[in-house]
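Listed in order, the protein sequences are those of chains C and W. Heads up: the first sequence begins at 1 in this note's numbering, then just goes up one per residue. Heads up: the second sequence begins at 1 in this note's numbering, then just goes up one per residue.
The hints are simulated quantities; they were obtained by calculation from the structure and are not laboratory data. Source: prediction; values computed, not measured. A virtual CB, placed ideally from N, CA and C, is assigned to each residue, including glycine. Be aware that one or more of the hints could be misleading.
Ranges of calculated distance between the beta carbons of each label pair, as one might list FRET restraints [unchecked claim]: (1) C:29 - W:198: 34 to 44 Å; (2) W:184 - C:33: 37 to 47 Å; (3) W:79 - C:146: 26 to 36 Å; (4) C:62 - W:148: 46 to 56 Å; (5) C:76 - W:87: 14 to 24 Å; (6) W:202 - C:14: 53 to 63 Å; (7) W:147 - C:62: 24 to 34 Å; (8) W:184 - C:59: 22 to 32 Å; (9) C:79 - W:132: 25 to 35 Å; (10) W:74 - C:158: 21 to 31 Å; (11) C:33 - W:70: 41 to 51 Å; (12) C:143 - W:181: 40 to 50 Å; (13) C:15 - W:147: 54 to 64 Å; (14) C:181 - W:70: 45 to 55 Å.
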Amino acid sequence: MSEGENTGASLSESERARYSALLEAVGRRRDKAAFAALFQYYAPRVKAFLRRMAADDALAEEIAQDVMVTVWRKAEQFDARQASASTWIFRIARNRRIDAARRAARPDLDGNDEAFQPSAPAAPDDALEAAETEGRVREALKNLPPEQIRLVTLAYYEGLSHTEIAECTNLPLGTVKSRIRLAFNKLRGLLSDD
Amino acid sequence: MWNNIGVTPDVFGSLEIGYTVIALEDVLTVGTGVRLPAPLALLVESKRVLDGEAPFADVLGGALLEAETPDALHPDFLDAVMREIDSLEEGLGARKALKGARGGARRLSELAQLPEPVRAMAAESLSRGGWRFAALGISTLPLVREDSMVAELIRIEPGAGVAQHDHLGREYTLVLQGAYNDGLATFSRGDVSSRGPGDLHRPRALEGEICFTLAVSEAPMVFGNFLDVLQKLTRH
């Protein structure tokens, strides 16, 4: 199912802030040098993400290309105060992957090509710095029991349904659902404390 | 958040899509909306925006993305992307001029306060065809369709309403702006209601503000003349 574990080092807060600034530069000034720098970091990781679902290397690259072009196109909608570049780019990658899967299943699908655009949510009441938030999420993730991390990654990152997860982990469906809910609430709880 | 007055909890607490029942709570809290049909995904996404929820699940995704082992890229990859971007930039100038020429921009400013996913799709839909008249003071704009399910933006003038009607399939309505009363309760921005066959209702927008809703409905497959007759009998 998943080829590699997510064991790479995540960005430091200043690096993450730097990439967010680069993305803003793309949005405001159509800065191609900034885009190239973003590309160097994110494109290989976006492709790795896509290849988890589509074993076909060429297809993963095709969708990755689509994602990076969309990043360029939508960059002016990016607001660094609300989300980091990683969050925003992940969202685009996830949506494009869903679109590609839909098109593959139903080539004559009616309606808009992009199932939905990356949305700009209203700022939460106790807004944490976006870069800081992701660092905390990463930390919180590490502190979960390993089987909860795995379930959360399968459900959200890899996009498997609860039934599929139950099948590949040999757990009862009810157990899968409650553990995932537990893990998410824990992560949310860890974030909203202090 | 979820206004379920008058609807039984187990009917309301789940989404019936064909033969699959998905717990609404799972969809909202865990974000396994990856498996939802596009019209419902749009509704769930829009509700998240209206609730002002931080995109927690996406923050998680972003963190996991950073931790990915980078894949090798084809040496031409960046060039291919830059080429596509360049041709985009050229085409953009022409397209912007065209959009200005179309009169459909008239009602675009009204949509400015709607959640982004809806706003973007509405703009797209408007450029392909306009609002459709549904009743006096009520117009609809189809946004996205998948199989027998469709998401529509509904625009209701203050005080306007539809006559008592039934539904052949299930309909989920998310209020995007303003409010309406359906004889049982008032639903305002961020509220979702669910109505199914046998639930008669008579929604009317409150005075003072245009009411925009996102309506996701699942029409049953057409089995032929009998269904046409049934539709005519139940429509008022």
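Index of numbered hints that the structure contradicts, given in increasing order
1, 2, 3, 4, 8, 11, 13 and 14
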